[in-house]
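Chains as they are written, first to last, in the numbering used here: chain D, 1042 to 1586; chain L, 1042 to 1586.
Be a bit skeptical, because a hint or two may be false.
Each pair may be met inside one copy or between any two copies, as identical chains are not told apart.
[What the hints assert, rightly or not] Calculated pairs, DMTMM-like style, for lysine to aspartate or glutamate (alpha carbon to alpha carbon, straight line, at most 20 Å):
1. Lys1565 to Asp1076
2. Lys1068 to Asp1566
3. Lys1219 to Glu1233
4. Lys1062 to Glu1173
5. Lys1216 to Asp1574
6. Lys1219 to Glu1237
7. Lys1216 to Asp1174
8. Lys1216 to Glu1237
9. Lys1285 to Asp1156
10. Lys1285 to Glu1502
11. Lys1556 to Asp1574
Hint data in this document are derived by calculation from the structure and do not stem from the laboratory. Source: prediction; values computed, not measured.
Number of protein chains: 2
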Amino acid sequence: MFPAKLTELPQWKRLFKEAEKMGQPEKHLRRLLQDQNRLSEFSRSGGGLFFDFSRQRIDQAGLRLLFELAEACNVQQTFSAMINGEKINRSENRAALHTATRCFANKKVMQNGEDIIPVMQAIRDNIKKFVEDVHNGRIVSSTGKPFTDIVVVGIGGSYLGTEFAAGAMRFYADKGMKLHFLSNVDIHNFGEIASEIHAETTLWIIISKSYTTVETTANTNLAHAFMRDRGLSPEKHIVTVTSKGSPGDDPTNPILACFHMFDYIGGRYSVTSAVGGVPLSLYLGFDRYERFLRGAEEMDQHAAEAPLKQNLPLIAALLSVWNNNFLGYPAQAIIPYASPLAKLTPHVQQLYMESNGKSMTTTGAKVEHETGVIIFGEPGTNAQHSFFQLAHQGRGFPIDFIGVVKPQYEGCCSSASDVSNHQELWANLISQPMALALGKTDENPFKYFDGNRPSSTILLEDLSPENVGRLLAFYEARTVFEAFIWNINPFDQFGVELGKTLADGIRLEIKKRNKDPKHAFTGKDPISAFYLDTIFNGRIHLDSP
Amino acid sequence: MFPAKLTELPQWKRLFKEAEKMGQPEKHLRRLLQDQNRLSEFSRSGGGLFFDFSRQRIDQAGLRLLFELAEACNVQQTFSAMINGEKINRSENRAALHTATRCFANKKVMQNGEDIIPVMQAIRDNIKKFVEDVHNGRIVSSTGKPFTDIVVVGIGGSYLGTEFAAGAMRFYADKGMKLHFLSNVDIHNFGEIASEIHAETTLWIIISKSYTTVETTANTNLAHAFMRDRGLSPEKHIVTVTSKGSPGDDPTNPILACFHMFDYIGGRYSVTSAVGGVPLSLYLGFDRYERFLRGAEEMDQHAAEAPLKQNLPLIAALLSVWNNNFLGYPAQAIIPYASPLAKLTPHVQQLYMESNGKSMTTTGAKVEHETGVIIFGEPGTNAQHSFFQLAHQGRGFPIDFIGVVKPQYEGCCSSASDVSNHQELWANLISQPMALALGKTDENPFKYFDGNRPSSTILLEDLSPENVGRLLAFYEARTVFEAFIWNINPFDQFGVELGKTLADGIRLEIKKRNKDPKHAFTGKDPISAFYLDTIFNGRIHLDSP
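Can you build the whole structure from these sequences, using the hints too?
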């Protein structure tokens, strides 16, 4: 499917020349922005979002070359192959079908001889039924009371996407249920949630594809003990989201309900599967969850069908490759000017860095260029008062600014300034990308700004469930498009295995010592032995180790 | 004070050669770690913390050169000058005396002819008195009830440090007061807090040095309106932390209390001043706050007095410069294996990136090397299930791992594994730095790990207020030591000014349009005009702009 070695493509080589050109003074953003048509030529709308890349360091020639690169790399064909169920996750011989979880269209997607679209519909129907039963008091706690708290037990892909979506749509949370996330194995995480919930009316949603994730198992065991200590019946308080036949889907272990996950939906792409579906529907109501899915579907369709030059996530992916491989930026910030989108950045940080932090092509050859960048960020205007000093006068990095046209709270004019808080927020959102791009010359060296800092601006009309879904699917599509350009596999994650293997060895030592206080760690390397001694001693030997 | 141009120092040039050497196979961390004395030679304890840099990509020769660099740059002398009140913030002609806020020693620190140590003591005494009056019910709400909620209104340096410290010490929050942070001008931030607090028993702490910070002013105005709408008297619910004589320190505007800030304590260094002191003392009790200060003081003394080769924050600074300028890493992660330290990273992100994101030396010459890196991170083990794929198999970046020997919650053995949650956390904390350092060869290219990823590990014995103070002061000292090596000014932040200036222009347009619906934005550049139109129209014109 991938035609030639990326670095040997003529487009790849010409892009380096183009990047060199962008270093010339007449290609400074200050100059590019003098073109009165800059915005109309370097912005697109589609899939319900607006995408302005007028402040990226690129001109028409560069953009044309990027489009040629996308064509040479067959990225749109690969995207189609993905949504149609081809096993494009080659290293694991799996499909990647997160788009099927929100496919309401009349189409078939075959997987191992079965059309999975009705399978996804059936899971949604089950979620709807279960959630309505909870909301209507037909399913109640073991003491017969309506549930008031939901604890999502899951980590990584079983957690971050749901946290983002729940935060973004929290104005719709009118079901009287509080949502908690128990992700970290750190006992502080459990201890704090235990002190906040009403044990008697808490529903625990255990999410793990294998149901053997160490952190999730440890926390599930604590949850069981916590309930039993309070005379509650855990089986009446637990729902699982897991693979068919996993230890969490064991008919001899009765629970309230089990919803299935599939190997063709990776954790970090699973928000629109039962992973997000169960907690989000409980928290927001199934109808809002479905609206969220329909927004994501709209962006999927846009990503799949919009022509190359109109395709928002594909253009965003090309610009990201441009900034990374050709202009040399190693990191990218995502700055939503909307507090409810605060958890978008940690979600995309996982989605993107776990997908694209790879060094091998899909066929196992070492890549000869940089792959994924570091993603970080905090909401604006907070970020302006935090790390933007470095953005303006230190090393530059590209930024995705995200704006929401209409806030969930209306009005609230601050009497002192005749400007509402929302308008004040927007005054900053309009100014920052421009200040970064333009810079400012000044005789005082401390007030001199180089400018030429690239950014995009993405607009949502409001924080409706549809728009949150669109934004989610935009970043998912952007992420895989980038991988398709590089011909890396955005769906495996072998990089997390080595740490797990080493942890198995350390855990074994801990178990031995727990059983035998005389067990010494002499079999381990001196550094690991030092730390093992430290935790069993309960103090740091502040002399030399 | 700074002897020669940094890049012309012989040590600087020799460090490049040394860095080149580290690229050789026999200098891979896998090889360096075969030395059984690696940990004892490449770790230090001091100021109450333990600092292990055995997994940094450095050998004895490199370390010696870094120490020579520190001597050549007079960094310890500059640190002494700082704590003794010299005006080392040259661009603003100010001292930088955050260390004085926690100086309990019998010493004088003169500033403009006045010993400020008693001034700091007097502020602490005032805070103590005020807080005890609140806790004992001598100061009550305008309706005569004890306060239950605290809202800290402040942004950037008036917010992030306090959020970190409050989160880290929240187990000590036994005063029955909930703490909220109203930082962002985004109306969603105000709206959400307004829906959570008990208006009648809420104490608002307005924190702004100038008392003209746009975001803080807008939110303060909303708070006034919110209270008046509910028949409450704002003056009985408000405390300010601000400069003497600012609009927040106006005797004709009565409030509960005003505590002073000083121009010689920068926002991002102000946690141990009244900025953190008032909210933290209310939340935790004054005694815990004072213990926090004493921990910070201990680290200050260590940073000031420990010899170069034993000085934890100075060694950390040298390693950061090494990783950045010589090994070429543009970013650094901070990964606390302790959920309560989750907000350390955003705090240090501000502290470090705002301090060291500079391009000019203290004398206004353009620096000829990279300065501050990008700081990011999430707590472990969460980060392992998020972006660590990229750390292991994508581009490497240095990491500060932070471990806490004793958790605040005891025991909690998960019956399934005979390993407690805290031990499981530690099994991972021990394994990850090692996996990153060692890597793994494998015939399967997808399971191949380069290794040689550098990291440090910092240990706290527990989350006592003293240790949280030590950790805070460690990162403060590390930050300024780095700046002193580069001879940049870590105390100004002119980079945030340009965005503010442009926002003034946009705000003016908004005001005009608020008054006159016919006002058109034709005076602005086309991009700004497009966004202004968009927010006034309340929708995105999805046709071409």
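Exercise. Are the CA atoms of Lys1219 and Glu1237 at most 20 Å apart within a copy, between copies, both, or neither?
Worked result: Classified as both; 10 Å inside a copy, 13 Å across copies.
For this session: With 20 Å as the alpha-carbon cut-off, assign the pair Lys1216 and Asp1174 to within, between, both or neither.
Result: within (12 Å within a copy, 40 Å between copies)
For this session: Using 20 Å as the alpha carbon limit, work out where Lys1219 and Glu1233 are close: within a copy, between copies, both or neither.
Result: Both, since 14 Å and 14 Å are each at most 20 Å.
Exercise. Should Lys1068 paired with Asp1566 be assigned to within, between, both, or neither, using CA atoms and 20 Å as the limit?
Worked result: between (55 Å within a copy, 19 Å between copies)
For this session: Evaluate Lys1216 and Glu1237 at a C-alpha cut-off of 20 Å and name the case that applies: within, between, both or neither.
Result: both (18 Å within a copy, 16 Å between copies)
Exercise. Are the CA atoms of Lys1565 and Asp1076 at most 20 Å apart within a copy, between copies, both, or neither?
Worked result: Intra 65 Å, inter 14 Å, cutoff 20 Å: inter-copy only.
For this session: Measure nothing new, just compare the shortest in-copy and cross-copy C-alpha distances for Lys1062 and Glu1173 to 20 Å and report within, between, both or neither.
Result: neither (60 Å within a copy, 65 Å between copies)
Exercise. How would you classify Lys1285 and Asp1156 at a CA-CA limit of 20 Å: within, between, both, or neither?
Worked result: This pair counts as within: shortest intra-copy Cα distance 17 Å, inter-copy 72 Å.
For this session: Pop the pair Lys1285 and Glu1502 into one bin, within, between, both or neither, using alpha-carbon distances up to 20 Å.
Result: Answer is neither: 39 Å inside a copy and 43 Å across each miss the 20 Å cutoff.
For this session: Up to 20 Å between alpha-carbons, please classify Lys1216 paired with Asp1574: within, between, both or neither.
Result: So Lys1216 and Asp1574 fail the 20 Å test inside a copy (49 Å) and across (37 Å) alike.
Exercise. Between copies, within a copy, both or neither: which fits Lys1556 and Asp1574 at Cα up to 20 Å?
Worked result: Classified as within: same-chain Cα gap 15 Å, cross-chain 70 Å, threshold 20 Å.
The structure fails hints 4, 5 and 10 (numbered hints given earlier, in ascending order).
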